[in-house]
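**Student:** One-letter residues, chain by chain:
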Amino acid sequence: MMQHRSHLYGVMGEFVTPEELIHAIEKVREAGYRRLDAYAPFPVVGLSEALGLKRNLVPLITLLGGLAGGLGGFCFQYWAAAITYPMNIGGRPLNSWPAFIPVTFELTVLGAALSAVFGMLALNRLPQPHHPVFNVPRFAHASTDRFFLCIEAHDPKFHLADTARLLQSLHAHHVSEVADD
Amino acid sequence: MSAGQPPLDSPEIRRLTPVIGPGHTYGSVTDKISAIVLTRPTSLGWFVGFAIAFSLMGMMTVAIAWLVIKGTGIWGINIPIGWGFAIVNFVWWIGIGHAGTLISAILFLLNQKWRTSINRFAEAMTLFAVACAGIFPLIHTGRPWMAFYMFPYPSTMGLWPQFRSPLIWDVFAVSTYGTVSLLFWFVGLIPDLATLRDRAVQKPMKIIYGMVSMGWRGSARHWHRYQSAYLLLAGLATPLVLSVHTVVSFDFAIAIVPGWHTTIFPPYFVAGAIYSGFAMVLTIAIPLRKAYGLEDFITMRHLDNMAKVMLATGLIVAYGYFFEFFMSSYSGNKFDLFLVQQRLHGPYAPFYFALILCNILTPQLLWFYKMRHNVVVLFLMSIVVNIGMWLERFVIVVISLTRDFVPSAWGRYSPTFWDWATFIGTIGMFVTLIFLFVRVLPAISIAEMRELVAEKSEEEQ
Numbered sequence: 000m001m002q003h004r005s006h007l008y009g010v011m012g013e014f015v016t017p018e019e020l021i022h023a024i025e026k027v028r029e030a031g032y033r034r035l036d037a038y039a040p041f042p043v044v045g046l047s048e049a050l051g052l053k054r055n056l057v058p059l060i061t062l063l064g065g066l067a068g069g070l071g072g073f074c075f076q077y078w079a080a081a082i083t084y085p086m087n088i089g090g091r092p093l094n095s096w097p098a099f100i101p102v103t104f105e106l107t108v109l110g111a112a113l114s115a116v117f118g119m120l121a122l123n124r125l126p127q128p129h130h131p132v133f134n135v136p137r138f139a140h141a142s143t144d145r146f147f148l149c150i151e152a153h154d155p156k157f158h159l160a161d162t163a164r165l166l167q168s169l170h171a172h173h174v175s176e177v178a179d180d
Numbered sequence: 000m001s002a003g004q005p006p007l008d009s010p011e012i013r014r015l016t017p018v019i020g021p022g023h024t025y026g027s028v029t030d031k032i033s034a035i036v037l038t039r040p041t042s043l044g045w046f047v048g049f050a051i052a053f054s055l056m057g058m059m060t061v062a063i064a065w066l067v068i069k070g071t072g073i074w075g076i077n078i079p080i081g082w083g084f085a086i087v088n089f090v091w092w093i094g095i096g097h098a099g100t101l102i103s104a105i106l107f108l109l110n111q112k113w114r115t116s117i118n119r120f121a122e123a124m125t126l127f128a129v130a131c132a133g134i135f136p137l138i139h140t141g142r143p144w145m146a147f148y149m150f151p152y153p154s155t156m157g158l159w160p161q162f163r164s165p166l167i168w169d170v171f172a173v174s175t176y177g178t179v180s181l182l183f184w185f186v187g188l189i190p191d192l193a194t195l196r197d198r199a200v201q202k203p204m205k206i207i208y209g210m211v212s213m214g215w216r217g218s219a220r221h222w223h224r225y226q227s228a229y230l231l232l233a234g235l236a237t238p239l240v241l242s243v244h245t246v247v248s249f250d251f252a253i254a255i256v257p258g259w260h261t262t263i264f265p266p267y268f269v270a271g272a273i274y275s276g277f278a279m280v281l282t283i284a285i286p287l288r289k290a291y292g293l294e295d296f297i298t299m300r301h302l303d304n305m306a307k308v309m310l311a312t313g314l315i316v317a318y319g320y321f322f323e324f325f326m327s328s329y330s331g332n333k334f335d336l337f338l339v340q341q342r343l344h345g346p347y348a349p350f351y352f353a354l355i356l357c358n359i360l361t362p363q364l365l366w367f368y369k370m371r372h373n374v375v376v377l378f379l380m381s382i383v384v385n386i387g388m389w390l391e392r393f394v395i396v397v398i399s400l401t402r403d404f405v406p407s408a409w410g411r412y413s414p415t416f417w418d419w420a421t422f423i424g425t426i427g428m429f430v431t432l433i434f435l436f437v438r439v440l441p442a443i444s445i446a447e448m449r450e451l452v453a454e455k456s457e458e459e460q
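Protein sequences appear in the order of chains A and B. Read the first sequence against numbering that gives the first Met the number 0 and you will find it ends at 180, with the numbers running on by one and no gaps. Read the second sequence against numbering that gives the first Met the number 0 and you will find it ends at 460, with the numbers running on by one and no gaps.
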């Protein structure tokens with residue numbers, strides 16, 4: 000049994016509609032489970048709230064990336080045009096800041112967009128070609144029209160038979176064990 | 000059309016024309032869109048179209064190779080008309096590239112549901128148009144292998160780009176726009192690539208789609224961050240899309256050449272870009288929905304809305320033309336007045352009148368409901384607007400440069416065979432890329448169509 004437990008990632012239930020999925024999550028959380036994740040073919044309204052997900056770090060990373068791009072961009076132009084390569088054109092000011100605004104703006108957007116995308120991917124730990132949930136054959140439908148709820152084995156309340164029974168009582172269409180390899 | 004429905008032009012149907020056909024489920028939208036890529040046999044029409052487009056692209060390659068061997072002397076450019084076709088085509092293509100991001104970002108922020116089925120291929124169109132646009136300034140430098148001079152890199156000569164120059168702003172604006180559009184498009188594609196991975200039958204397809212989908216598994220935690228990132232990208236792309244054609248217009252407006260040095264240029268360039276971009280989206284959408292039977296997803300509502308956007312931006316462009324006249328007479332600047340006169344009576348006057356016909360007069364037909372709902376008329380109209388917007392850039396570049404301040408600096412411009420070969424060649428490249436895109440990637444966002452189905456079923460309950 001111990002051997003078996005260490006090779007188990009969790010138990011997964013399959014649902015047909017997003018409403019059933021959200022209802023199941025609420026019940027499972029009421030039963031005291033905390034280590035769970037849901038899988039859906041599109042962002043379901045209310046899913047994050049049902050799972051109790053907090054605000055994420057993507058906006059902060061994006062802000063920092065944008066600030067770095069904008070400040071870096073402006074300082075760099077200042078340095079290039081006024082310090083390291085000054086050109087005296089009829090005595091015009093070297094720090095002609097209005098002329099530096101377009102590039103500063105573009106670099107702000109570039110820095111923010113790159114950090115939004117790569118920040119999101121990094122926080123999601125993607126790319127990750129393999130994950131235990133893919134061991135469930137029916138999980139291929141998670142990208143089409145089925146909704147899955149997986150209760151993970153490292154949840155303190157996890158008990159294979161009881162947890163599977165709970166999912167079944169919530170009208171999951173298929174309940175499968177998820178092998179961990 | 001099933002019996003019992005009210006006639007097409009009744010007010011109820013106008014209001015109720017759906018953004019998605021009736022009876023669709025999560026599974027059916029997925030099947031229908033992914034089948035185009037995965038199971039549908041490639042039609043003869045696809046091969047014929049691809050062959051024609053690819054040959055034209057080959058002509059572009061030859062034209063560019065000949066340019067590299069001989070230099071820009073093979074073009075019609077001269078002094079004083081140093082810009083010619085290269086810049087006309089650059090501005091035209093980059094303008095076309097505006098609709099994609101406008102549809103995906105601005106309409107997303109405005110919560111316009113009808114954007115869903117057109118945003119994916121409009122974004123693809125943006126990327127391909129930006130790729131075509133990028134070729135022109137690059138080869139117009141004459142020595143494209145030295146183009147990296149425009150980027151700030153630590154050179155042994157201690158040189159830095161001139162950041163006060165609009166041409167350098169252009170480098171940053173266009174490359175940022177290309178990068179952000181690519182990111183936006185790719186982020187939108189990730190869930191659909193995962194769908195294709197899970198539905199692909201052949202092993203190589205599974206592996207390729209598996210690699211590019213990066214192991215996306217639709218986890219709620221992933222969606223949570225994904226949605227934040229997508230919303231932020233939309234918010235960032237919105238000012239970006241407005242800034243790009245503004246910066247392109249600075250290439251002209253910052254110069255003191257008559258007809259260029261006006262403050263109306265940035266807004267009127269942006270409106271013109273959206274105008275031509277929507278025209279190109281229609282040019283692609285109408286054959287696409289016909290060829291792949293996507294009338295349920297790209298409905299008349301979409302075509303109608305796009306026609307309305309074209310009409311509105313076309314009127315802004317008309318306002319811009321009018322104001323060029325008004326400002327030149329109101330300011331009394333004799334060079335500006337002379338330029339206006341040259342547009343009406345000079346050697347290039349036929350181009351100007353053709354431009355007015357294509358961009359201002361013809362699109363007025365779009366006021367009529369019957370015209371907006373006639374697919375053939377819309378398709379022809381979109382071609383006319385594409386031609387009109389190309390003529391606009393030709394008029395701006397050529398008339399101003401041939402009629403400078405002093406008569407001794409006047410000149411004439413006519414394109415050569417190689418100018419045309421390069422221009423038509425980029426159209427070939429654009430169409431080639433569109434054909435490949437439709438064949439290997441889902442042309443409509445499957446994940447967003449599922450969201451639409453979910454919302455629709457909620458509304459019905």
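Don't take every hint at face value.
Stated by the list, open to error - With a straight-line cut-off of 30 Å between C-alpha atoms, the simulated BS3-like cross-links for lysine-lysine are:
id, chain 1, residue 1, chain 2, residue 2
1, B, Lys289, B, Lys69
2, B, Lys333, B, Lys112
3, B, Lys307, B, Lys455
4, A, Lys53, B, Lys369
5, B, Lys333, B, Lys455
6, B, Lys455, A, Lys53
7, B, Lys455, B, Lys112
8, B, Lys369, A, Lys26
What the hints assert, rightly or not - Ranges of calculated distance between the beta carbons of each label pair, as one might list FRET restraints:
id, chain 1, residue 1, chain 2, residue 2, range
9, B, Ile255, A, Lys53, 37 to 47 Å
10, B, Leu43, A, His6, 44 to 54 Å
11, A, Arg33, B, Leu109, 51 to 61 Å
12, B, Pro406, A, Trp78, 38 to 48 Å
13, B, Ala146, A, Trp78, 37 to 47 Å
By construction, these hints were calculated from the structure, which means they are not laboratory data. For glycine and all other residues, C-beta sits at the position ideal for the given N, C-alpha and C.
**Student:** Does each hint hold? Answer for all of them.
**Tutor:** So, going through the hints one by one against the coordinates:
| no. | hint | in the structure |
| --- | --- | --- |
| 1 | Lys289(B) <-> Lys69(B) | violated (44 Å) |
| 2 | Lys333(B) <-> Lys112(B) | violated (50 Å) |
| 3 | Lys307(B) <-> Lys455(B) | holds (24 Å) |
| 4 | Lys53(A) <-> Lys369(B) | violated (51 Å) |
| 5 | Lys333(B) <-> Lys455(B) | violated (61 Å) |
| 6 | Lys455(B) <-> Lys53(A) | holds (28 Å) |
| 7 | Lys455(B) <-> Lys112(B) | holds (11 Å) |
| 8 | Lys369(B) <-> Lys26(A) | violated (54 Å) |
| 9 | Ile255(B) <-> Lys53(A): 37 to 47 Å | violated (56 Å) |
| 10 | Leu43(B) <-> His6(A): 44 to 54 Å | holds (52 Å) |
| 11 | Arg33(A) <-> Leu109(B): 51 to 61 Å | violated (38 Å) |
| 12 | Pro406(B) <-> Trp78(A): 38 to 48 Å | holds (45 Å) |
| 13 | Ala146(B) <-> Trp78(A): 37 to 47 Å | violated (23 Å) |
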